[in-house]
Amino acid sequence: MATATEAKKRMVRINGCVASAQAAKYADVDVIAAYPIRPYTATMMALAQMVANGELDAEYIVADSEHSQLSISHGASSSGARVFTGSSGVGVQFAYELYSPISGSRMPVQMMIADRTLDPPGDFGSEHTDALSTRDMGWLMGWSCDAQEAFDNHLIAYRIGEDPRVLLPQMVCQDGFFVSHITGDVELPDMGQVKEFLPPYKHPYPLDPRHPVSHGPQIMPEQGPPLQLERARAMEESMPVIEQVHDEFAKIFGRRYDPWVEEYMTDGADVVFFLQGAHAVTAKFAIQHMRDRGMKVGLIRLRTIRPYPTERVREVLSKFKVVGVIETNMGLGSVSSGGVLYSEVCAALYESPQKPLVFSFMAGMGGEAIVLKEFYWMAEKMLEVQKRGKIEKRTHWVGFEH
Amino acid sequence: MPTIEVQRQLLPILGSPNQGARFFNPELPSTEPFVPGHRTCAGCGPSIQYRMTSKAAGDNTILVGPTGCMYVANSSYLCTPYNVPWAHTQIGSAGSFTAGVAAAYEAMIRKGKWKGAFPNIICEAGDGSASDIGLASISGALYRNHDCLIICYDNEQYANTGIQASSRTPYGGMTTFSPPGPEVPEGKKLFPKDLARMMAAGHPHCYVATASVGYPIDLMNKVRKGLNNKGASYLMVYTPCQKGFVYETPRSIDLGRLVVECGLYPMWEWNPEKRSYDYSFRPQTMRPVSEYLKLQGRFGHLHAEHVAKLQKFANEQWRMTGVELPEALIHAADAKNLVNMSAAAEAETVAQTL
Numbered sequence: 001m002a003t004a005t006e007a008k009k010r011m012v013r014i015n016g017c018v019a020s021a022q023a024a025k026y027a028d029v030d031v032i033a034a035y036p037i038r039p040y041t042a043t044m045m046a047l048a049q050m051v052a053n054g055e056l057d058a059e060y061i062v063a064d065s066e067h068s069q070l071s072i073s074h075g076a077s078s079s080g081a082r083v084f085t086g087s088s089g090v091g092v093q094f095a096y097e098l099y100s101p102i103s104g105s106r107m108p109v110q111m112m113i114a115d116r117t118l119d120p121p122g123d124f125g126s127e128h129t130d131a132l133s134t135r136d137m138g139w140l141m142g143w144s145c146d147a148q149e150a151f152d153n154h155l156i157a158y159r160i161g162e163d164p165r166v167l168l169p170q171m172v173c174q175d176g177f178f179v180s181h182i183t184g185d186v187e188l189p190d191m192g193q194v195k196e197f198l199p200p201y202k203h204p205y206p207l208d209p210r211h212p213v214s215h216g217p218q219i220m221p222e223q224g225p226p227l228q229l230e231r232a233r234a235m236e237e238s239m240p241v242i243e244q245v246h247d248e249f250a251k252i253f254g255r256r257y258d259p260w261v262e263e264y265m266t267d268g269a270d271v272v273f274f275l276q277g278a279h280a281v282t283a284k285f286a287i288q289h290m291r292d293r294g295m296k297v298g299l300i301r302l303r304t305i306r307p308y309p310t311e312r313v314r315e316v317l318s319k320f321k322v323v324g325v326i327e328t329n330m331g332l333g334s335v336s337s338g339g340v341l342y343s344e345v346c347a348a349l350y351e352s353p354q355k356p357l358v359f360s361f362m363a364g365m366g367g368e369a370i371v372l373k374e375f376y377w378m379a380e381k382m383l384e385v386q387k388r389g390k391i392e393k394r395t396h397w398v399g400f401e402h
Numbered sequence: 403m404p405t406i407e408v409q410r411q412l413l414p415i416l417g418s419p420n421q422g423a424r425f426f427n428p429e430l431p432s433t434e435p436f437v438p439g440h441r442t443c444a445g446c447g448p449s450i451q452y453r454m455t456s457k458a459a460g461d462n463t464i465l466v467g468p469t470g471c472m473y474v475a476n477s478s479y480l481c482t483p484y485n486v487p488w489a490h491t492q493i494g495s496a497g498s499f500t501a502g503v504a505a506a507y508e509a510m511i512r513k514g515k516w517k518g519a520f521p522n523i524i525c526e527a528g529d530g531s532a533s534d535i536g537l538a539s540i541s542g543a544l545y546r547n548h549d550c551l552i553i554c555y556d557n558e559q560y561a562n563t564g565i566q567a568s569s570r571t572p573y574g575g576m577t578t579f580s581p582p583g584p585e586v587p588e589g590k591k592l593f594p595k596d597l598a599r600m601m602a603a604g605h606p607h608c609y610v611a612t613a614s615v616g617y618p619i620d621l622m623n624k625v626r627k628g629l630n631n632k633g634a635s636y637l638m639v640y641t642p643c644q645k646g647f648v649y650e651t652p653r654s655i656d657l658g659r660l661v662v663e664c665g666l667y668p669m670w671e672w673n674p675e676k677r678s679y680d681y682s683f684r685p686q687t688m689r690p691v692s693e694y695l696k697l698q699g700r701f702g703h704l705h706a707e708h709v710a711k712l713q714k715f716a717n718e719q720w721r722m723t724g725v726e727l728p729e730a731l732i733h734a735a736d737a738k739n740l741v742n743m744s745a746a747a748e749a750e751t752v753a754q755t756l
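Residue numbers (the working numbering), protein chains in the order written: chain G, 1 to 402; chain E, 403 to 756.
These aren't lab readings, by the way, just hints derived from the structure by calculation. Any given hint might turn out to be false.
Some, not all, of what chain G presents toward chain E, calculated at C-beta under 10 Å [stated by the list, open to error]: (1) V31; (2) G80; (3) P206.
The list that follows gives simulated cross-link-like pairs (lysine-lysine, DSS-like), each with its CA atoms no further than 25 Å apart [unchecked claim]: (4) E:K515 <-> G:K195; (5) E:K517 <-> G:K195; (6) G:K296 <-> G:K390; (7) G:K8 <-> E:K513; (8) E:K696 <-> E:K645; (9) E:K513 <-> G:K195; (10) G:K355 <-> G:K319; (11) G:K381 <-> G:K393; (12) G:K202 <-> E:K513; (13) G:K319 <-> G:K387; (14) E:K738 <-> E:K591; (15) E:K515 <-> G:K202; (16) E:K517 <-> G:K202.
Here the structure is a predicted model, which means the values were calculated and not measured. Don't be surprised by glycine CBs; every beta carbon is placed ideally from N, CA and C.
The task is simple: from the sequences and hints, build the whole structure.
As structure tokens, then:
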């Protein structure tokens with residue numbers, strides 16, 4: 001029987017769910033809180049098997065709800081254990097109450113999310129609304145676009161979240177099905193590399209009978225501002241740590257990620273897509289084909305949305321003439337009457353002396369694949385806007401217009 | 403992987419008689435994990451309970467406090483009354499947060515990340531948390547048998563929010579969510595959820611017991627039995643609330659006895675080995691429910707017929723614990739023999755000692 005400590009670096013072909021489970025195993029998590037909901041369930045299935053096989057020594061708890069999953073995680077993390085949990089879609093919402101208490105008590109719980117459209121109706125497909133609706137709860141949050149990146153992001157997120165300068169929970173998101181259930185080549189590291197990168201979790205003030213502390217007592221209104229400010233600062237001050245950790249990850253594992261945005265074929269681009277997650281994979285193919293035909297199209301993929309890299313987004317997007325935000329989330333009645341990314345992009349650009357034209361696309365809703373011809377159609381729209389010098393409207397629903 | 407065996411604590415059972423309660427007991431540890439200085443009301447039943455249970459548990463203890471009086475009134479930022487680790491959790495997270503703490507210690511001790519005997523992990527959930535919003539989370543923790551003790555400090559209402567009815571509020575109990583009026587003269591129309599029996603029936607592998615602040619030694623022994631049991635235990639403790647029950651402050655302990663003596667709060671233990679109830683606890687006297695009701699403003703609006711209904715309910719509870727009912731109590735379940743509570747103080751009740 002192979003144990004985690006004997007593992008050597010090797011290539012495997014696994015999907016996003018299993019990659020997340022592998023990452024939890026490599027992180028030697030102590031407590032796992034599971035509850036089934038598609039599509040993330042496969043991660044917990046894989047972990048259950050690892051525990052059953054003796055590959056991972058952890059308390060595997062089958063919770064009675066997502067609310068309990070997050071409460072279990074909160075309790076375990078408060079006691080000093082490294083915790084892994086996860087969910088999808090309405091499950092993410094069911095646990096909503098716990099997001100603020102967990103970040104407020106500065107517990108670096110890690111939650112894997114494989115996105116799923118919210119009800120109604122019961123739809124298994126990926127939409128980012130589930131996780132995005134929690135984006136202001138004080139959790140570090142970002143999307144992976146394939147299984148390898150998912151694996152890496154879990155280790156990176158533990159390292160950032162558990163850093164004593166940060167101490168914040170992390171949502172490590174991947175698109176349901178497009179990442180969670182699509183197989184890809186993943187390099188599993190040598191255990192020594194992980195040990196070098198990710199030291200054991202040590203919270204400075206756990207629930208330990210030898211050093212009694214009280215977590216989360218009632219406050220008076222005048223005690224609120226400093227505590228809220230502290231949490232806001234923790235988010236802000238995590239930014240240099242995030243950069244440093246990505247740097248160290250690259251040194252130890254040989255894969256370098258820009259922590260904030262991935263730029264793809266942006267050299268000489270006039271118009272760019274701005275999106276998160278797995279649709280970037282199709283977008284890249286579409287962009288290659290369009291570039292071959294002389295269209296000056298590029299891609300910006302946001303890798304971390306919380307903390308939001310305002311400066312970086314402004315600096316990167318100011319170079320272009322048109323930005324087309326691909327939403328893959330619902331922001332009913334929002335600024336653009338589309339999704340919620342549009343306003344994040346516009347706000348970042350507001351202080352820029354050189355503002356591109358920004359509008360958005362509602363694409364991939366309900367978990368539909370965004371196919372190549374839809375990317376072509378969107379690119380045409382952006383080029384038309386560039387020519388006209390004016391947007392037609394803030395939100396286009398792809399597939400419902402000519 | 404080499405794993406370290408988890409060492410558990412074993413707390414001695416106090417030898418003092420169950421019924422005697424108001425004298426110094428040299429067997430009690432001097433430790434005070436719950437110290438004075440909090441903001442609970444004078445005579446607060448849950449606080450008295452808190453002090454007794456934490457004292458019985460000792461210093462290698464972790465307390466979990468779901469939202470409720472024992473969080474809101476006790477734990478003021480920068481001056482909490484807990485001498486052992488304590489954590490607030492959400493009102494619906496009683497069982498789940500506690501399970502997380504227990505699971506963390508199992509894993510950390512086993513993996514050599516924390517050294518020492520497994521701590522006593524106690525959750526102090528109010529009856530709102532335990533019988534309503536956190537019921538599923540507690541059931542989950544009991545079902546999975548985490549090594550912890552979940553206490554429902556039962557003050558029969560949501561008290562810190564300003565006295566609202568919970569599933570544990572007794573029939574006829576006036577709260578701001580069950581006020582009496584011409585259409586609903588009794589106030590609360592429903593009888594309370596039989597929470598402790600529900601826990602015993604649904605999780606028969608757990609130690610489950612009921613207790614009352616009126617019997618401190620019995621309460622502390624049940625706490626220790628619950629903690630000594632390797633696995634999950636559940637304790638439901640009667641803890642009167644002066645603010646909600648509306649009674650004279652010094653009478654908290656008296657109420658804690660009267661509620662048992664009148665049969666409204668049966669005292670029992672569920673033995674997980676024998677899979678049977680232990681009804682051997684017997685109060686020194688039996689009384690009609692009116693003796694208990696008349697001390698509390700929350701029952702002041704009840705008519706004779708409502709008191710009779712409560713007496714009938716109490717009589718059923720006696721029968722369930724195998725007690726032969728004296729004639730006087732059967733007599734007291736008939737409204738003809740009773741008076742309205744507004745007249746109770748002047749009325750001659752049935753004999754007090756039976």
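Mind listing which of the numbered hints don't hold for this structure, in increasing order?
Checked against the structure, no hint fails, so every one of them is satisfied.
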